[in-house]
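Enquirer: Listed below, chain by chain, are the residues.
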Amino acid sequence: MLQFLEFCSFELKFRFKSVSTWVYFAIWFTFAFLCVASENFGPVSFGQGKVLLNGPFANTFNDVGAALFGIIIVAAIFGTSMLRDFQRDTYQILFTKPFSKFAYLGGRWIGSFVTTVFAFSGLLFGAFAGTFAPWADHTRIGPNHLWAYLQPFLFVTAVQIFFIGSAFFAVAALTRKTFIVYLQGVALFMLYVIGITVFSATRSLERFWSGILDPIGFILIDDITRYWTVVEKNTLYVTWSPALANGIFLYNRLLWIGVGLLSLAACWALFPVSVEALTARSQSRRAAKAKQQELDEVRPVRSLTSARLPVIQQVFGSGATITQFLSLTRLRLRNILRDIPFWAIVALLLAFGINNGHYAGRVADRNVWPVTYLVLQAVEGSATLFLYIVAALYTAELLWRERDTHFDGIHDAMPIAESTDWLSRLTAVLAIETILLFFTMLVGIFMQTIAGYYHYEIGQYLKELYLVTFPQIVTFTLLAFFVQTIVSNKFLGHGIIIGLFVLMPILFNFGWENTLYLIGQVPAYTYSDMNGYGHFAAPLFWAIVYWLSIAALLAVVAVAYARRGAEDSLRARTRLALARAPRLAPLAALFLLSALGCGSWYYYNAHVLNEYRNAKIRRDIQADYERQFKKYENALQPKVTAVDASVNIYPGRRSFDGSVRLTLENKLSQPIDRIYLTDQRQSVSDVRLDRPSHLLSSAARNIFSIYALDRPLAPGEGMLLTCNIGHQSRGFRDGDEPPEFAYNGTFFDSDYGPYLGYNRIIELTDPRRRREEHLPPLEEMANRGDPAHSLNNIFPHDSDWITYHTVVSTSSDQVALAPGYLQRSWSAGGRHYFEYSMGSTHVLDFYSFLSARYQVRKETYHSSHGDVALEIYYSPGHAYDLDDMLASTRAGLDYYQRVFSPYQFHQFRILEFPRYRNFAQSFANTVPYSENMGFIARLDKPTDIDFTYFVTAHELGHQWWAHQLIGADVQGSNMLSESLAEYSALQVMAHKYGRDNMHRYLRHELDSYLRGRGAELRHEPPLALVQQESYVWYQKGGQILYTLADYIGEDKLDLALHNFLMQYRYANANNQVDAGENTIASRPALASNLDKPYPDTRMLVDAIRAQTPPELQYMVDDGFNRIVLYDNKALSATSQKTGDGKYKVTLQVQARKVQADGNGNESPMPLGDYIEIGVFKGKKDEEQPLYIEKEKLTRDRQTFTIVVNEPPTRAGIDPYNKLIDRISDDNMIDVSKQ
Amino acid sequence: MALTIVGLSKTYPNGVKALNDITLSIGNNMFGLLGPNGAGKSTLMRTIATLQDPDAGSISLDGINVLKHKKEVRKILGYLPQEFGVYPKISALDLLDHLAVLKGVASASERKSIVEALLHQTNLWDARKKAVATYSNGMRQRFGIAQALLANPRLIIVDEPTAGLDPAERNRFLNLLSSIGRDRTVILSTHIVDDVRQLCPRMAIIASGQLLLEGAPLEVIAALHGHIWSKIATTDDELRALEAEFQILSTYLIGGQHAVRIYSESDPGQGFRAVDSSLEDVYFLQLSRDRKPLPVN
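Residue numbers (my numbering), protein chains in the order written: chain D, 1 to 1234; chain P, 10001 to 10297.
Keep in mind the hints are simulated off the structure, nothing from the lab. The structure displayed is predicted, hence computed values, not measured ones. Just so you know, even glycine gets a beta-carbon here, dropped at the ideal spot from N, CA and C. One should not assume that every hint holds.
Claimed, not checked - Listed below are the simulated DSS-like cross-link pairs for lysine-lysine, each with C-alpha atoms no more than 25 Å apart in a straight line: (1) D:K1177 to D:K1092; (2) D:K291 to P:K10129; (3) P:K10089 to D:K177.
Stated by the list, open to error - Under 8 Å between C-beta atoms, here's a sample of chain D residues computed to sit facing chain P: (4) L309; (5) P310; (6) Q313; (7) V315; (8) T323; (9) R401; (10) A413; (11) I416; (12) G565; (13) P787.
The following block holds chain D by itself, in its conformation from the complex (with noise of 0.2 Å):
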């Protein structure tokens, strides 16, 4: 006992006398007091809005954050403590004396334990510290709760220590080699974030074993807490208790510490306490070696005279000198080649790019092609790091080699110049790395092969790699080159670059968004398909001349400063670096000269020609714009009725300009005397009103300008606003291009026209971003029936039907395009020129610019109702999937008319834009879809969920809902047109893939309904009062009206909202026309033309509830009123053969339900709903239905017998998820037999 006191003792003491201890501490100490006193930093601050920064979730997920990461620093101390005696062959000293295995082995054991307890405990320290910065979010900073800090550090990262700890304390134990133990560790690493993308990639909702399996953590408290809300988040504790999430985490402690104790007896058990055992091998070998040393030496003696020496000729000169500079290349690149450990990094790097690029592009169970944009991101994402790793890594070894091998002495006395020494060097790690990046390129042209796609793109491959990354990989390797040549300490030269590699995208988070002084950075680009590089390609190419003119200056300064010789003061070597300067003077100049000159052109561009705006200015940009004329807000404006525009696109300039003249209508009952205009994107001049008045004030960036009206415009009156629009790009900016314009795919809406009155969409949301700004709590929707509100409708404020005209014209190999029907086209100056127009036929005031070369792929989709032209307009080589938006398209047309209205244009168009911006957008008649969002989708095996069907059906459904029936600005009309968009897709779906088949799909809505509700920032609204939450109005709404069909009957539905729809459709327009231009609702005379209440969700609620039978009027409320949970669970089901043949299934199972508010706190609710039981054939996921049936719940426990005529092997309570349930994966369980 006194021995193994005696052996921890001695280990704690090495190992607090270490710096390296107190470095490990201090990372993680820096670690957790950034996550909590900046919302710029760490895993939670920004994903997690309302979530406690030193809240009980908060620490867990950053302890599980440091369990991956640290996965080094426990192989560091665990490792290396076992085998510190064999790197200093002080273990044969220590085994000679005699002590006992458990006093040795435990005394290290216990003593890295401690150490590594003690160094992780900078979490809890830095976390505590971290709530006092006073610059912190103080909002987000709880009362500090020991146990809140404690708990996961005892359950997650003390377990954690344990078991991994142990592990490599055991291998290293056995092995007693350093690079296995590390081996060991990166691949530990390597494997988990390979089987994260996987699981990701695949978006698995397999929920059980995935988190028992998971030895670091990221996917077993993604299960636990994926649904937590923020209150459950601050509040509840993830705990050992079995209850808890099936009891997963109890079962992962268990295992993982299971695989811990495994460790240390199998370490314990194979651990050889003497000198022989422990050496046999090393002895072996040492004594071959002499024994061979020696057979080498006694070969006879020639001659102890000298034999004259071979005359050879020195010949020096610049031939000379690449003979030289070839040789050291060549020897150099050996050294590399030769690197065991240099393999592994390739071989993680194509195992990485072949998981990836298998995966590439694929998310949540979309299958897309792997075009090579995709597969580069993939492949390249995954390479990047390991290019950087090497880069660092041999630069440092390739630089000290001949000090670490003291072949030093003979190398720098050779007749080289610095630079042709250097410049070996720098070739040899570039040359290695060109072969990297070869390497990268045929794993994604050998993994698109794989996947079947033939289509190589070897030239955006090789613009990629070589002419994008490859010159950010020399700027990097120059950088490091200089460090390492200053620092006098390798590894300290490693700390410092990968500290600057690290500390970059921090700045960046931290609002230091300048690429001109975020060392070795570009500005973030996107390759798209249509575009190329586009408008990107500037200010790549002038931040990569510029770092690397930089780089390469610093390099030559590195080149004077290279060391050589035997002197290494910094004093010497100045000294000998001015010695050098003189030769070295030109270069350096001529690289000043170039970083100098693409810096300035690189400013002039992106903060003289640009005004240069970060994150942070463009939020003070909306807060100053809230705060000083959110005041005008209720102000009265007329409303605009009819948009004529005149629109020049140039795309190679990326620019527009053109006019607009809107017709204004003053609607309501008093006189209007002022006229407020916002200019959201500085794109409008030269207001014009047809009436006398003048400018009132106007503001920066003319975002607001008030006009008074000399003769105020009475009720009823109207009056003509004209104005100049336009958009001009100048150069190129720092980040922060506006997506919309691009050399080809051009896509530009009517908000770059001017808006009446004060525009609430500019408003910041973000409840962090308001505090920061020190504005109040955004302000809440109106309520429904608020008289001013329910005036205007939900999407353009400003305005209510109109008539719409324009003429756009374009260069001529292009196509413009803008809602409405193609009048005519002609070409005049060089141009190309279209006019669209809608006819008489109203619409929303919301409409787009494209402009691109498009192919173009049409049909005529024929109906009672009149012919509708189905348009594509794709890209070339994106003709994928048209023929399945075309199928959609008239599934969705078939379905639509039938049971809501007729169609009230006459063609659909779809437009692909670049994916810049990922969304599709329906405007009257035209869906702009960007080329990420459809296009590329692929569809091979039957589970293949096809999402381009489902976006095209939502997007065609808008045409109803919302270009038909608009809701009023007030709480809940956003699910008029979204959820109701997404139902009337998901009906869609539903008739061609079947009914059985939407289970699979709707599970992902579910999934994301849930986690949506889980990262809520303000408070999750019930369905019918929805504001700004997606999930709420997408995911929520379609699942609640997808499931109310199905209760209470899909024709019951869609008559109840047929019935919405002819009632309140057109609200406020002043006559509109169908597509055969037949009159469908019309207003009286103008002088009474004024505005009525747009409808609301309280209109929808009635009209569903008419429809609904009186024993599912429940449903309404829950499904639209309130947030209605449930926990619907199998308990048991056992199953008995009958006398005839039969099968009585006893089946147990569990039913609640509880109401949640906005922050998640839940209340139980009665029960007494209706829930489908079920018992099935069949496998566990291929179940096929013996018996299905609603039965009328009211007891928290139920049971039920049911008898079936095949034998069943699942049973369960809403087995097809239909209800909203947490836990959906227990709803099933096996039937057992009797």
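Given the coordinates of chain D, assemble chain P onto it according to the supplied hints.
Expert: This is chain P only, laid out in the frame that chain D set:
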């Protein structure tokens, strides 16, 4: 070929005076640099080998300013540092070929011939394809010599080449050195007196960075002729007494008894008998003079 060193001084940042106003001139033969560990030998060697700059002084080699025109010196230099390692996993053949390229032997055939000749010369031919890093100490030292002789250097600097060699190896090595050192300037630093005696027509002794003596070994030995006396001290007490009285140059054990050698102009009596002076006596006498002024003389 003549190397002239004038007033060379070097103080390290930690205050150690490694070289203190050294002035030397070295001709076209083998020159031994003798001194204890830490005397400044290596500093001097490195300075001549262009690996270090002095604080003051100059070195010229046939009119080349060594401190300024380092590259010119490096072209004709062969340097064997006191300690050296090699790149791992590279054979003697490949490494010599590489170094030959660096030394400007541009023709591949010339390179082949000189590398092979040197491998034969240093007796490494049979082991030429083995990685140098796995060589024994003696073999590695011979490899060091081989690389120093690449491209027929006119100035050869070998720093403590015999350190760590066993006697047989040392012999072989000295033979090799002497055979090549005849028609060029070879500077050999060592703390082993015998090395110098056996090899060098001229020599210098330095200690604490100072030049104590320069001359031909035979001459400096002759200068002490008749001034070296020896006696066997039978007990420790006797030895202690002698120590107090005389400037003891050296003692060595013969059959467990101390043989004591002292320097004295005249017969010190007390049973001392005159012995032949040796280079070792010169060396120890110079070192002791360096340490403190002699009471006599």
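Enquirer: Given G565 (chain D) as an interface hint, is the shortest Cβ-Cβ distance to chain P below 8 Å?
Expert: holds, 3 Å
Enquirer: Given the hint that K10089 (chain P) pairs with K177 (chain D), test it: the Cα-Cα distance must not exceed 25 Å.
Expert: holds, 20 Å
Enquirer: Please verify that hint: T323 (chain D), Cβ, nearest Cβ of chain P, below 8 Å or not.
Expert: holds, 6 Å
Enquirer: Double-check P787 (chain D) for me: the hint is only fine if its C-beta lies closer than 8 Å to a C-beta in chain P.
Expert: This interface hint is violated because 85 Å lies over the 8 Å limit.
Enquirer: Could you grab the alpha-carbon distance between K1177 (chain D) and K1092 (chain D) and see if it respects the 25 Å cut-off?
Expert: violated, 57 Å
Enquirer: How about I416 (chain D): closest beta carbon in chain P under 8 Å, or not?
Expert: holds, 5 Å
Enquirer: Measure nothing beyond the straight line between the CA atoms of K291 (chain D) and K10129 (chain P); if it is 25 Å or shorter, mark the hint as holding.
Expert: Given pair K291 (chain D), K10129 (chain P) holds - Cα atoms ~18 Å apart, limit 25 Å.
Enquirer: Holds or violated: the hint that A413 (chain D) contacts chain P, with Cβ atoms closer than 8 Å.
Expert: OK, holds: A413 (chain D) within 8 Å of chain P, min 4 Å.
Enquirer: Return the status of the interface hint for Q313 (chain D): holds when the least beta-carbon distance to chain P is below 8 Å, violated otherwise.
Expert: With Cβ-Cβ at 7 Å, under 8 Å, it holds.
Enquirer: Would the hint on P310 (chain D) stand, with a C-beta cut-off of 8 Å toward chain P?
Expert: With Cβ-Cβ at 4 Å, under 8 Å, it holds.
Enquirer: Double-check R401 (chain D) for me: the hint is only fine if its C-beta lies closer than 8 Å to a C-beta in chain P.
Expert: holds, 7 Å
Enquirer: Interface hint check: V315 (chain D), Cβ to nearest Cβ on chain P, cutoff 8 Å. Holds or violated?
Expert: holds, 4 Å
Consistency with the previously given hints fails for numbers 1 and 13, ordered from lowest to highest.
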